[in-house]
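> Keeping the supplied structure of chain A fixed, place chain B upon it in accordance with the hints.
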Amino acid sequence: QKEVEQNSGPLSVPEGAIASLNCTYSDRGSQSFFWYRQYSGKSPELIMFIYSNGDKEDGRFTAQLNKASQYVSLLIRDSQPSDSATYLCAAPQGGASGGSYIPTFGRGTSLIVHP
Amino acid sequence: DTGVSQNPRHKITKRGQNVTFRCDPISEHNRLYWYRQTLGQGPEFLTYFQNEAQLEKSRLLSDRFSAERPKGSFSTLEIQRTEQGDSAMYLCASSAQGARNTEAFFGQGTRLTVV
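Protein sequence lines, in the order shown, are assigned to chains A and B. Start counting the first sequence at 204; every next residue gets the next number (the numbering used here). Start counting the second sequence at 520; every next residue gets the next number (the numbering used here).
Okay, chain A solo, but in the shape it has when bound:
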């Protein structure tokens, strides 16, 4: 069973702090990783993707990838109450029939940013 694992949280941080969200994956064939943000009752919204080892920065968000350790993380700097949501990690993983890569999601980490 190919899996993407996340701690469900909740992760609670004060406004202005750095929130660190972590994800591990089992399929060494995964080459790309995606972070989605999901507000309560809404559908997931893509916020970041990363393909290469190292860091990728986009505004207050930084994605970090370590393929050797099969680990991907998302850092949110200067956290705001509006960042309070569930953050889903996703990686395309091989389907049962082979030849297809299916975006596979972790259970998500709930982030609470308190004023």
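Please keep in mind that the hints were generated in silico from the structure rather than gathered at the bench. By construction, the Cβ of each residue, glycine as well, lies at the ideal position given by its N, Cα and C atoms. Among the clues, some could well be false.
[Stated by the list, open to error] Across the chosen pairs, the derived CB separations fall in these ranges: (1) A:I315 <-> B:Q573: 38 to 44 angstroms; (2) A:S223 <-> B:Q560: 21 to 27 angstroms; (3) A:G219 <-> B:Q627: 27 to 33 angstroms; (4) B:H548 <-> A:G244: 20 to 26 angstroms; (5) B:N526 <-> A:E208: 30 to 36 angstroms; (6) A:S303 <-> B:R600: 41 to 47 angstroms; (7) B:L579 <-> A:S223: 27 to 33 angstroms; (8) B:H548 <-> A:G232: 19 to 25 angstroms; (9) B:E602 <-> A:A220: 31 to 37 angstroms; (10) B:N537 <-> A:P217: 45 to 51 angstroms; (11) B:E602 <-> A:G244: 21 to 27 angstroms.
[To be verified] Covered stretches of chain B, going by a simulated chain A footprint (3 or more residues, C-beta under 8 angstroms): (12) 550-560; (13) 622-628.
[What the hints assert, rightly or not] From the structure, some residues in chain A lie toward chain B, with a derived Cβ separation under 7 angstroms: (14) Y242; (15) G262; (16) R263; (17) A271; (18) Y274; (19) S303; (20) P306; (21) G309; (22) I315.
Below, chain B without anything else, positioned relative to chain A:
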């Protein structure tokens, strides 16, 4: 609006009834995915189409579930003889042709309640 569109947004049905949901993907996307999401969980893969071909189907998917994508455009997901355990958010996502690194974009989802 050129995003992924799902209808209906909400559906309440009695146990034992059949329901059908529709998804219109982003027009240039040839890949289409159906997911189911329950409270506190990440999206769970149900099935995948590339153009009109259904290439992957989750082993967890009951025979009561069927999906189609005629002509490789919109897709429908039908649940026959609904059960209370089918209550969930049903999400559709689409992505473009290309390498496995392409990101998937979600529709607003259809929330099903079986009473």
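> Decide, hint by hint, whether the structure agrees.
Status of the hints after comparison with the structure:
1. A:I315 <-> B:Q573: 38 to 44 angstroms: 39 angstroms, holds
2. A:S223 <-> B:Q560: 21 to 27 angstroms: Given a distance of about 22 angstroms, which is inside 21 to 27 angstroms, the answer is holds.
3. A:G219 <-> B:Q627: 27 to 33 angstroms: Cβ of G219 of chain A to Cβ of Q627 of chain B: about 32 angstroms, so the range 27 to 33 angstroms holds.
4. B:H548 <-> A:G244: 20 to 26 angstroms: Once the Cβ atoms are compared, 25 angstroms apart, the range 20 to 26 angstroms for G244 of chain A and H548 of chain B holds.
5. B:N526 <-> A:E208: 30 to 36 angstroms: 33 angstroms, holds
6. A:S303 <-> B:R600: 41 to 47 angstroms: 29 angstroms, violated
7. B:L579 <-> A:S223: 27 to 33 angstroms: 32 angstroms, holds
8. B:H548 <-> A:G232: 19 to 25 angstroms: 23 angstroms, holds
9. B:E602 <-> A:A220: 31 to 37 angstroms: Hint violated: Cβ distance 44 angstroms, outside 31 to 37 angstroms.
10. B:N537 <-> A:P217: 45 to 51 angstroms: Given range 45 to 51 angstroms: holds, Cβ gap about 49 angstroms.
11. B:E602 <-> A:G244: 21 to 27 angstroms: Distance hint for E602 of chain B, G244 of chain A holds at roughly 23 angstroms.
12. 550-560: holds (count 4)
13. 622-628: holds (count 7)
14. Y242: Status violated, d = 12 angstroms.
15. G262: 17 angstroms, violated
16. R263: Violated: closest Cβ of chain B sits about 20 angstroms from R263 of chain A, beyond 7 angstroms.
17. A271: Since chain B brings no Cβ nearer than about 19 angstroms to A271 of chain A, farther than 7 angstroms, the hint is violated.
18. Y274: 18 angstroms, violated
19. S303: Where the cut-off is 7 angstroms and the nearest Cβ of chain B is about 5 angstroms from S303 of chain A, the hint holds.
20. P306: Status holds, d = 5 angstroms.
21. G309: 5 angstroms, holds
22. I315: 15 angstroms, violated
Hint compliance for this structure: hints 6, 9, 14, 15, 16, 17, 18 and 22 are not met, and every other hint is.
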